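Engineer: For chain G, the structure is supplied; the task is to place chain A on it using the hints.
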Amino acid sequence: MAAVSGLVRRPLRQVTVRDAINQGMDEELERDEKVFLLGEEVAQYDGAYKVSRGLWKKYGDKRIIDTPISEMGFAGIAVGAAMAGLRPICEFMTFNFSMQAIDQVINSAAKTYYMSGGLQPVPIVFRGPNGASAGVAAQHSQCFAAWYGHCPGLKVVSPWSSEDAKGLIKSAIRDNNPVVVLENELMYGVPFEFPAEAQSKDFLIPIGKAKIERQGTHITVVSHSRPVGHCIEAATVLSKEGIECEVINMRTIRPMDIETIEASVMKTNHLITVEGGWPQFGVGAEICARIMEGISEKLVLEYSQAVINIVYLNTYWIRRLKARGGQMTTFNLSCIQFPGCSRCSCHWC
Amino acid sequence: MAEALKPGWRVWDRAGRNLSAASDMGVSSTPSPQHPHRQQQFSSLEDKPQFPGASAEFVDKLEFIQPNVISGIPIYRVMDRQGQIINPSEDPHLPQEKVLKFYKSMTLLNTMDRILYESQRQGRISFYMTNYGEEGTHVGSAAALDTTDLVFGQYREAGVLMYRDYPLELFMAQCYSNVSDLGKGRQMPVHYGCKERHFVTISSPLATQIPQAVGAAYAAKRANANKVVICYFGEGAASEGDAHAGFNFAATLECPIIFFCRNNGYAISTPTSEQYRGDGIAARGPGYGLISIRVDGNDVFAVYNATKEARRRAVAENQPFLIEAMTYRIGHHSTSDDSSAYRSVDEVNYWDKQDHPISRLRHYLLGRGWWDDEQEKAWRKQSRKRVMEAFEQAERKLKPNPNLLFSDVYQEMPAQLRKQQESLARHLQTYGEHYPLDHFEK
Chain G
0 MAAVSGLVRR PLRQVTVRDA INQGMDEELE RDEKVFLLGE EVAQYDGAYK
50 VSRGLWKKYG DKRIIDTPIS EMGFAGIAVG AAMAGLRPIC EFMTFNFSMQ
100 AIDQVINSAA KTYYMSGGLQ PVPIVFRGPN GASAGVAAQH SQCFAAWYGH
150 CPGLKVVSPW SSEDAKGLIK SAIRDNNPVV VLENELMYGV PFEFPAEAQS
200 KDFLIPIGKA KIERQGTHIT VVSHSRPVGH CIEAATVLSK EGIECEVINM
250 RTIRPMDIET IEASVMKTNH LITVEGGWPQ FGVGAEICAR IMEGISEKLV
300 LEYSQAVINI VYLNTYWIRR LKARGGQMTT FNLSCIQFPG CSRCSCHWC
Chain A
0 MAEALKPGWR VWDRAGRNLS AASDMGVSST PSPQHPHRQQ QFSSLEDKPQ
50 FPGASAEFVD KLEFIQPNVI SGIPIYRVMD RQGQIINPSE DPHLPQEKVL
100 KFYKSMTLLN TMDRILYESQ RQGRISFYMT NYGEEGTHVG SAAALDTTDL
150 VFGQYREAGV LMYRDYPLEL FMAQCYSNVS DLGKGRQMPV HYGCKERHFV
200 TISSPLATQI PQAVGAAYAA KRANANKVVI CYFGEGAASE GDAHAGFNFA
250 ATLECPIIFF CRNNGYAIST PTSEQYRGDG IAARGPGYGL ISIRVDGNDV
300 FAVYNATKEA RRRAVAENQP FLIEAMTYRI GHHSTSDDSS AYRSVDEVNY
350 WDKQDHPISR LRHYLLGRGW WDDEQEKAWR KQSRKRVMEA FEQAERKLKP
400 NPNLLFSDVY QEMPAQLRKQ QESLARHLQT YGEHYPLDHF EK
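Keeping their order, the protein sequence lines are chains G and A. Residue numbers for the first sequence follow numbering that gives the first Met the number 0, so the first one is 0 and each next one is one higher. Residue numbers for the second sequence follow numbering that gives the first Met the number 0, so the first one is 0 and each next one is one higher.
Only chain G is shown next, with the shape it has when bound in the complex (with noise of 0.2 Å):
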């Protein structure tokens, strides 16, 4: 925990995600001479999406390093030196180039210590922006958090605010595992308030722990990323209608926090996710059968009376349609129900 001094406390200051990752990345470049960043126009032009601004302009060739367009080949080879000993930040466009390097993550940079006998470990960073942004179509809008979550050997986090990414982007460059940071696009240049802590050089979030966003009482409703913004204004609404909605912000997807989910659930008894990614094998999918799995242990004598209520949104399609002005003032909710249900409070059916 970062000291506070007693009497002076620093003010709140507004930090967008851009610039918290900048920071981040900058105050762990400055601790650690190993650590570098390498990808397509990360050096001279400040980053494809201006996250790596002035980087270049403070540490120069060796440590900002621009790479000719092949993700296969630049992710290969910040595999290839974090084995050597340096810790690469590995910067892809969008996380959907990272397809063309996805077996340089998957098998030499997740599979490779375990593969090794624990012999030799990959402390590399692969980051860059997940999911959908601004109208840039199928092959520029898929969020991988499944697909990533989905491996083990691999650790894999997706801030939403400026304090998840600052913390979050440290947390990942100090961990001598392979690490995935999700970030969003649409989320760089939002703005947040950044608390005391967040301001200190070893500000650090832990990998694996969700945080909850805003209490409640009567449903709990997770999400990671951008997403966890639409949850927090629909709990807004949602409150003038006496509903109190739990907000989980996962922060992290691998390894799970499924048990502040878990508690949460345990407390509300209903449960919705909400995610950019797919419903099919997705982080929702995985969220409801462990809770599943879970409470059907936990609950067996409620479980009659728990209600589960299931939301899969496609929220590509759902922002599509608000970037052409529409105002989404409620979620389309469905219900479903189990046998032996006898209809909890919620009036949803």
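To be clear, the hints were calculated from the coordinates, so they are not data collected in a lab. Values in this document were obtained by computation on a predicted structure and should not be read as measured data. For every residue, glycine included, the Cβ atom is placed at its ideal position computed from N, Cα and C.
Here are a few chain A residues that sit away from chain G, every Cβ distance over 12 Å (derived from the structure):
1) I72
2) D145
3) N223
4) R361
5) D371
6) K376
Some chain A residues near chain G, calculated using beta-carbon distances under 10 Å:
7) S125
8) Q186
9) A236
10) E273
11) Q274
Structural biologist: What follows is chain A alone, placed relative to chain G:
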């Protein structure tokens, strides 16, 4: 032992004597159907290399091959920068009508680019990429092909479609994602596709079109279609692994394909000096067994001549060709880029003013008496009017029906997508007033 050896195998004893040639092993000394390119004669008595991997002489002096980047592969051109034919025997002697079509295609594209770039700046479309400076590469090559030759582009080849008479209305429809778009509004702007004009829909990830084009060429060969496939890409995309695979497969599978590289000096901000250290892309061709040439991409006749000859031979011999067209990207990479961040205005101005494919062709036309200032003024007015009309029309059109969100994922719509489609319909019935449904087709 002689019987045990298979044909083609060779065995030496410790003294270095070739035993397998001692008897007739049926070793072929002429190129066989399986190895049509093996030129080497096998003879046990001469000290010639027998390696299957290369056909070459021995050398006994240690000497490394120096990559030649100071004096690289020469650049073929027909016109000088003032539009004068340098070597009359290289003049393609194209008829006036055709050359005017070149000129009008390039200038119409230029006009359309200006207007659509501005429209993005004004928030009317979400994104745009201009073709400034590279019009010669598009039109010269497109003109040398058959209209039915398949085109795989990267994203900066709109001039090929322009030359193939793709209507302005459809260019605009794609950029505006309106109801007339053949792509049903699903792609980012400039991702054109036209089955009728044999132009494969543009795909965003770089260089993926290269192995695909090779596969298509292979299919054309198998079908005896007498067609060539042309595959465009930039010098940056040529760094991708897919380019390596594409080149290699085109050669080993003997495909009738023209690889056309637009080397325009930049990949977003990455200059060629950071993209590669060899002599550009043309120098890679021979490494793969590709017949290669480097041309002046701002000389529409040079591009035309090279593509024409490459097409003729590619089809006749089932042989891949690599054309590297040297040019310059005068515009920004896209509307998301500001190139003043990484290159000087002077540099850009040089290419715009001193070595532009449109100006060079105009000088040629003026020199031939096929064009004059009056016609130039009239054409500028007319082309601008045509573009503005198409533009205004595109602005007014509705967007595609929201039902089209769900179709074409598969050939037949699966049940869960149908349910989602119905769910959206119900949702819009209740909450439709919150959406700008008036802008969409019903």
